[in-house]
Amino acid sequence: MAKKITIEPVTRVEGHGKVTLHFDDRGKLIQSRFHVVEFRGFERFVQGRPYWEAPVLVQRLCGICPVSHHLAAAKAMDLVVGADPDSLPPTAEKMRRLMHYGQMLQSHALHFFHLVSPDLLFGVDADPAVRNIVGVALKHKDLAVRGVLLRKFGQEVILATAGKKIHGTGAVPGGINKNLSPQERDSFLKGPAPLNADTMIDWAQGALDFFKSYHKKNKAFIDGFAEFPSNHLSLVRKDGALDFYHGVLRAVDANGHKILDDIDYRDYLRHIAEEVRTWSYMKFPYLKSLGKDKGWYRVGPLARLNTCDFIPSPRAQKEFEEFRAYTSGKPNSMSLHSHWARLVELLHAAEVIKELLLDPDLQGTVLTYRGRKSGEGIGLIEAPRGTLFHHYRVDANDLIAMANLIVSTTNNNEPMNRAVHWVAQNVLSEKPQITEGMLNQVEVAIRAYDPCLSCATHALGAMPLEVSIVDPRGLVLDCRRR
Amino acid sequence: MPKTIILVLGIGNPGRRDDGLGPHFIDRLRALNLPGVAADANYQLQVEDALSVSRFKRVVFVDAARAIEAPFEMTEIEPLAEFAFTTHSLAPHTVLALSRELYRKTPTAFLLAIRGYDFGLGEGLSGRAERNLEAALGHLAEFIRPGTAATRRKRARPRTRKNL
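If you're matching them up, the sequences are chains A and B in order. Just so it is clear: in the first sequence, position 473 is 473 by this note's numbering, and no numbers are missing. Just so it is clear: in the second sequence, position 141 is 141 by this note's numbering, and no numbers are missing.
Think of the hints as simulated: they come from the structure by calculation, not from any bench. Hints may contain errors.
In silico DSS-like links for lysine-lysine, alpha-carbon gap of 27 Å or less [as the list claims (entries may be wrong)]: (1) A/Lys139 / B/Lys57; (2) A/Lys165 / B/Lys105; (3) A/Lys165 / B/Lys3.
Just need the whole structure built from these sequences, with the hints factored in.
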């Protein structure tokens, strides 16, 4: 009998994803869709609010990476108050960097230890009752404890730089509202054990070594799962280095040729457009020069390691060289190598945090700069999940007249759909029975991109999923909820 | 100074109206300056909260809820591992399960669910949620008064965010 599978969530929070798989009477895949069933309304919510409120307001977009929105909005509002990136005081820029790299550390640690390690330790076919962080805690306690403390260290860095856990106020238009005290600095550098920067670097290296060891034993699965060529997009520093906070916009194709050659990101509208498809509230961004069909791209850890030329910290650079050598210097198109790339970034974030903590500029007292005001601001940042765009226009009364946000998960919309299609085609299609383990592979494919649907849909909260199987007549034959 | 023995953790997002009941509750609780009580709030619970709760004898999670009778429900909860797909947050009973497995500590824990009504984008609580918060705050203040808590414990099945 023909069928359709839908994956959809059950939650009180609206932002959620849904996977619908259509099969014909012989069980052959007809169509797969990863879609979002939430109306996006956040841009309108900020309209009419004073521009200086934006860095705090936009954190309401997401309880998962509020720091990314906080900093992207602050960067945009820097331009509104006439503080271009070169005129920002060093203390302000470095405090923001510390906040951001703290976020990268906690977010990447959470993703690996909480969401990915259960799949690796217990296998993608394992019972979900075991394949979770409590299962990891039971069987691999050291790994789970390190995950908790890496995350906590990153959270403490955010608290020290943003000032608050909820709706942090650290970054303001034109700068920052506090520096880092010597006591705060010393607490991160010297303890209390094991919560110090050196331990975090060692543990990040340990997590990376764990993944590489797993990869050696499971190359066919890790390399082959949801592998497909794509373009890649990210910010890079002007000299081509990996940079999460600031830089120019670079895109490369599947062979590594530049499509966007280090452009000023304030020109993004000349190069990037968003396609609306009737079946999803999440838009599909693409590079205008290549068109809708060929212009889609990946963002996030895998894309960043494919676009940058080097990593400006010693241990992560060594790992980057190994990562790039694996594909002979060509862009890496293996979805599960996102985990490898994410852990290289985790190590880099830990190294940069230590480097920043040793910089006396963090104790500087010049915190803001104001120049000639402007009516428009565009701020881009590399959020944990990829490139995040914030664009605002401000009227003569200092009120926000227009806001446009392209979040990381939206940028990865087409790649996630491709990954789901790969699983539907290669794992589910023409199988007599669809098992829980097979369905989990749909999740594994999406999880590689660490999506935040509450953020992408401009709602708030958790991100569950529902999978439905539907026949050619539209009848739902099976439905699994997570 | 009395020893701090109870942690009250508020969960929710104040930018989503009544979803912010947990953090608003914590703001009011802090203003009461009750002895022996530590208070904290965040958007959602995560793995590091297992470490936080492991350091206390008693924990109260405060969250907004839709499917309960107004003004609030308070139930004792026990450790239980439960997960949603690719979620970036944990349920209170899963935090307890992690605390038990990682730190060998299982505090007595309660979920204080306060009825909310408006979960749209926006600031401030709805009028009805505000009244429910006040009622819940009065109840908790009485509940954690020394010598009274043990008499008010009520067993209940583990609650999850999705059945609230």
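Hint check results:
| no. | hint | verdict |
| --- | --- | --- |
| 1 | A/Lys139 / B/Lys57 | holds (26 Å) |
| 2 | A/Lys165 / B/Lys105 | holds (25 Å) |
| 3 | A/Lys165 / B/Lys3 | holds (25 Å) |
Of the numbered hints given earlier, the model fails none.
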